[in-house]
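Protein sequence lines correspond, in order, to chains A and B. Here the first sequence stands for residues 1 to 441, numbered as in this note's numbering. Here the second sequence stands for residues 1 to 487, numbered as in this note's numbering.
One or more of the hints may lead you astray.
Said to hold, decoys possible - Listed next, with one range per pair, are the computed distances between beta-carbon atoms: (1) A:L424 / B:R3: 34 to 42 Å; (2) B:N427 / A:V60: 43 to 51 Å; (3) B:S95 / A:T385: 21 to 29 Å; (4) A:R435 / B:A91: 32 to 40 Å; (5) B:F222 / A:K138: 33 to 41 Å; (6) A:T46 / B:P321: 41 to 49 Å.
What the hints contain is simulated information worked out from the structure, not anything from laboratory work. Cβ atoms here follow ideal geometry from the backbone N, Cα and C, with glycine treated the same way.
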Amino acid sequence: MTDVTVDTGYTSPSISALDPEAVRRRVAQRRAAEWRFQAYGVAAITFGLLCVALLFTVIVAKGWPAFLQSTLKLEVAFDPAVIDPAGKRVTDDIMAADYQALAAAAIYKQLGIAPDDAVATALADGLLSTGADVDLRKLVLADPSIIGKTQSVYLLANGNVDAVLKGAIDRAVPEASRQIKDQQLAWVDQLVTGGRLSKAFNWGLFTRGASSQPETAGLGVAVIGSFFMMITVLLVAVPLGVAAAIYLEEFAAKNRWTDFVEVNISNLAAVPSIVFGLLGLAILINFVGLPRSASLVGGLVLALMTLPTVIIAARAAITAVPPSIRQAALGIGASKMQSIFHHVLPLAMPGILTGTIIGLAKALGETAPLLMIGMVAFVVDYPRTPLDPATALPVQIYMWSTAQERGFVERTSGATMVLLVFLLAMNLIAVILRRRFERKW
Amino acid sequence: MTRLLLSALILALGGAAYGLATDRARQLSGGKLSNLHSRLSYYGFFVALWTVLPALLLVIAWSIAEPMVMHSVVQSQLPADILTKSKAEVAMVDSSIGTIADGFQRLTPTELAAALASKTSLVDLLGSKGVALGTEPEAFQIAAAQQLNRWSDLSRYGITTIALGLAALGFVLSMFRLTGKLRARNAVEKIMLAGLVGASTVAILTTAGIVLSMLLETIHFFQKVPPQDFFLSTVWDPRFSAAGSTGTAGGQFGLLPLLWGTTYISLVALVVAVPIGLLAAIYMSEYASKRVRTVVKPMLELLAGIPTIVYGLFALISFGPFLRDAGAAIGVPVSASSVLTAGFVMGIMLIPFVSSLSDDVINAVPQTLRDGSLGLGATRSETIKQVVLPAALPGVIGAVLLAASRAIGETMIVVLAAGIAANITVNPLQPVTTMTVKIVSQLTGDLEFNSPQTLVAFALGLTLFTITLGLNIYALSVVRRFREHYE
């Protein structure tokens, strides 16, 4: 027991006890103090909950428009003279054709502009996304037989048009300081009333790669990169972490060395994440010579960072298995190793899994170490192996948050929503696992 | 990829060895498994491990050593006048030889011989094979490239032969040892235990790796910039690292402004997080009913599960502009990225951290202390303020220190919300910058690796690591002592 002196604030009990009025006053004061103290607690909790609510509200309010994207429905004539003048249908020729011109021709026709009207065509070009050619090229490459035909195609509208449709551009601003001109606005209204321009669900947000234009920028590369990293973390951190936990919990003698290992693990859990990034840069990239921006390097760094979390969770799960299980196994002739791998570990598995998922969720949201190893990269193509350049979800959020274009603002929050959904799902799975397999001994 | 193939082959051999060994053991048992010391699978694993492990370890060891060996092979071929040039130039020659060697690999031997004899342009020839060379290689480069190819062929065939030989040897020897009396289980379990011990040392290796790698780079840095200029200077102005520049290139690397910014922002964060987190923890553990606890606690812990980049974004797009506009409304100039913005948002991030740590600490205080105090007539708040909290104080201090270490090492919030100007100012409405921000900004983008502008990041990292390590060790020992006190 500690020797704590209880001082309730009485100046002198003998005096106040004599005066009933003073006693009553004193009690009222103490009750008020009690009430105030509880109110502080409630206020603190309310503040915390308000912060949660505010955070989610802000992100969702700014982010939801990113899931809609303005698309133009245009009758595109796949003119053989533009796509394949040589008429040989060679892939190289088809790849090199000027598809933006096809899209432009379609929109001139739609708006009734003469193709030689330089001013009007320049303005009309501004309605189209500069990434429209990529989509058209994909269409043609997938099915070269459409060359020579005319088809309705959904094409991305320019980021500025998108901003108008979402109300992000104020039409009251004078034309000179507005990013979209009066003529363009008139066309936009005309296209909207004609049913040619509308907002559709933005699948591109999930499938496209990096782009300098907000409307053609997507999370595809980042999602794949994050996926590779999570697989690496799973393959590296979980076996190592569980093995280390088994050793420390079941075999390690209580000595200096074990103490040292334990202190090390708990300290590693509190090392700033950016330091792990420096470790990855110095050792994995500069010394071992792994490529920069590779998701394998990111995965290894995150695995080292997650390792302490997994070890701590696995140790807790292993200790929770009662000794009687071990004793029963040993009693019928199992070796210690058998008792652990055949009995203790399967019983501890739900706890280990829960800890692993929480560790993975932490790793998925981690940004700082990935900045160190070159994951801030402009990657357009999907990575095929963990050694290809890639980005990660939180890094993509970071890159978009520093981009200048207006359209990236909503995409940043939209990407954050995607990340938060992944994290919530993972945590939910962890909770469900715990509920389902939780066992009271 | 051939190395991967070889490893896969060895593993497949191990699988085959397992099958053969279990069959052999079954034979040995004469139909009665109780004649054996161990269960069948242990005999299988015994032989499989002897087959796989030595060969696989050799392949791994050689994969690590090979680049160094190849490097010295190339070096031995270089003329003396190249070796005396600067490090960067030698590295350039090195990599060009690697490219040429790679190009030669794509030619058939007759093509190569013909090309070398007829003095045709190698740039064109290799270019047609998809290997781009900048300039026509010199004679010594060609010689070195050929030597490199000879050696890497030798290495490839050599390692394959030796590894497979080792696997076979391990298989044969262990099969010979297979008798009914062999204590296969004990042997296999010894190897398993070695694996477990190995896994538990990874944490130590990681710490060692962190310290060593950062120490080496920091020593490099201090060779270019004297330590007193780093630790004592109040000016942070690293300039840009121009490619190929030598010497200190005129940058100034004063730690003090960054240290000040880090400390200031962390202080603001703690001022927000500690009272709120502590009060929330007290209410949760001392007042709240079980129902309120089960609902509210996970909701508060949501804050702990949100990635810090999201907090940074919140500060950047919402809280910073809000503070700036609020300041403008009352006529106080507030910078959109300021100490207050970063510190406050970081404080929100730390609330669940502080509250869950102090929750543990408060729950560790024995109930008898509370009962004693209540029995003497104290109200609950008096009990908490005068009995529980003083008893829990060491633990609470530990929690605060851990939170401080978190705040100091936090990166994304400050990267997005604190600004990049290295100011020493006491005005919380002005931007400051932190060590972590500078580590990020010095290391993203194209880097010239040996310039002080890049190396300073490692010096900052080591400083950060030392500070947080000190705080952590102290805090953890305080918390541990506190726990033991009441156990």
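Inset, instruction - Determine which of the earlier numbered hints do not hold for this structure and return their numbers in increasing order. - result: 2, 4, 5 and 6
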